[in-house]
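The residues making up each chain are set out below.
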Amino acid sequence: MPVFRWRETWSPLPDLEREVDRLLEGVRLHMQGIRSSRSFPQLNLLEDAESFVVTAELPGHEAKDIEVTIVSGYLSIRGTRRPPAEAEAESYRRRERFHGPWQRKVQLPDRILEDQLRADYVAGILRVTLPKAPSGQPRQITVNEGS
Amino acid sequence: MSDQDQEKSGGGGLIRLTGETGETPPGSSAEMSPRLLFNPPIDIYEIETGLVLYADLPGVTAEDLDLQVQDKKLTLFGRVSTECGKDLVPIHQEYRTGDFLRSFILSDDVDHERIQARLTNGVLRIELPRAEQSKPRRIEVAPG
Numbered sequence: 001m002p003v004f005r006w007r008e009t010w011s012p013l014p015d016l017e018r019e020v021d022r023l024l025e026g027v028r029l030h031m032q033g034i035r036s037s038r039s040f041p042q043l044n045l046l047e048d049a050e051s052f053v054v055t056a057e058l059p060g061h062e063a064k065d066i067e068v069t070i071v072s073g074y075l076s077i078r079g080t081r082r083p084p085a086e087a088e089a090e091s092y093r094r095r096e097r098f099h100g101p102w103q104r105k106v107q108l109p110d111r112i113l114e115d116q117l118r119a120d121y122v123a124g125i126l127r128v129t130l131p132k133a134p135s136g137q138p139r140q141i142t143v144n145e146g147s
Numbered sequence: 001m002s003d004q005d006q007e008k009s010g011g012g013g014l015i016r017l018t019g020e021t022g023e024t025p026p027g028s029s030a031e032m033s034p035r036l037l038f039n040p041p042i043d044i045y046e047i048e049t050g051l052v053l054y055a056d057l058p059g060v061t062a063e064d065l066d067l068q069v070q071d072k073k074l075t076l077f078g079r080v081s082t083e084c085g086k087d088l089v090p091i092h093q094e095y096r097t098g099d100f101l102r103s104f105i106l107s108d109d110v111d112h113e114r115i116q117a118r119l120t121n122g123v124l125r126i127e128l129p130r131a132e133q134s135k136p137r138r139i140e141v142a143p144g
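In order, the protein sequences belong to chains A and B.
Sequential numbering from 1 applies to the first sequence in the numbering used here.
Sequential numbering from 1 applies to the second sequence in the numbering used here.
One chain only, chain A, in its complex shape (with noise of 0.2 Å):
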């Protein structure tokens, strides 16, 4: 199962599909499945002052089918994507769309609160909005003399 850290230096994976991205986008070639091809499903990491959200492409859901849960510090997302029960195997022409039993988790960047997390799920796109825990206080501590 794909597991991935935010902002590790080492990370020429990512780094390349971006490029390689680009390259293709510059001259407007759009490569047949280049998007069916990759884990499912995809996610993107935001954030502005308040709270980090996480938005991932899971279209053909059903909002009740997807489980979203925080432990220790990740954020983990499950379901499972079913074909339709109309179609059998046999009567398939063409099949690019992921099917099956899926999973991601996500390490979370900083502290969030995790009471407070909040999902939304739109035309197919998921949406975790997880709100920043405020930064501690600095405590003084106060150091003792030794006698």
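Among the clues, some could well be false.
Below 16 Å or equal to it, Euclidean Cα-Cα: the simulated EDC-like pairs (lysine to aspartate or glutamate) are [claimed, not checked]: (1) A:Lys105 with B:Asp108; (2) A:Lys132 with A:Glu145; (3) A:Lys132 with B:Glu94; (4) B:Lys72 with B:Glu94; (5) A:Lys132 with A:Glu67; (6) B:Lys73 with B:Asp109.
Which stretches of chain B does chain A cover? Using the computed rule of at least three CB atoms under 8 Å from a CB of chain A, they are [unchecked claim]: (7) 65–79; (8) 93–105; (9) 113–124.
Derived list of chain B stretches under chain A, where covered just means 3 residues or more per stretch with a C-beta under 8 Å from a C-beta of chain A [as the list claims (entries may be wrong)]: (10) 46–53; (11) 137–143.
Derived by calculation from the structure, the hints in this document are not laboratory data.
Cβ coordinates follow ideal geometry from the N, Cα and C atoms, glycine included.
Fit chain B to the given chain A structure using the hints.
Just chain B, lined up with the frame of chain A:
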């Protein structure tokens, strides 16, 4: 890519996928800031009455989907809103937001008038019924 051949045979003759490059979305103009354009992944399978096509269009709502048939060419274009919220700054990005465009050539066996489409949770389902006349028809032979 090696699936060029499969490309042509996709859909059991009822449908053919068209070239993937050099297409411009309807209503686009050169002055507009360049938007990313993606080829949505699709599934096509056969049912008794015709074909069913599914396409993943995350972020597209029914108002922003343009589906049209012209000269046997079925084109789907889904516009995705790119604004993601006030001052959000990306920290890690695996996917980029853009519009979706893909087109298909329908054979004469598809009844263009009865094509139906439904968009649910970012997934488009198009039903392409086989035309009545392509079902076997028994011809009465009158005695001479």
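> Which of the stated hints cannot be reconciled with the structure, identified by number in ascending sequence?
Replying inline: 1, 2, 3, 4, 5, 7, 11
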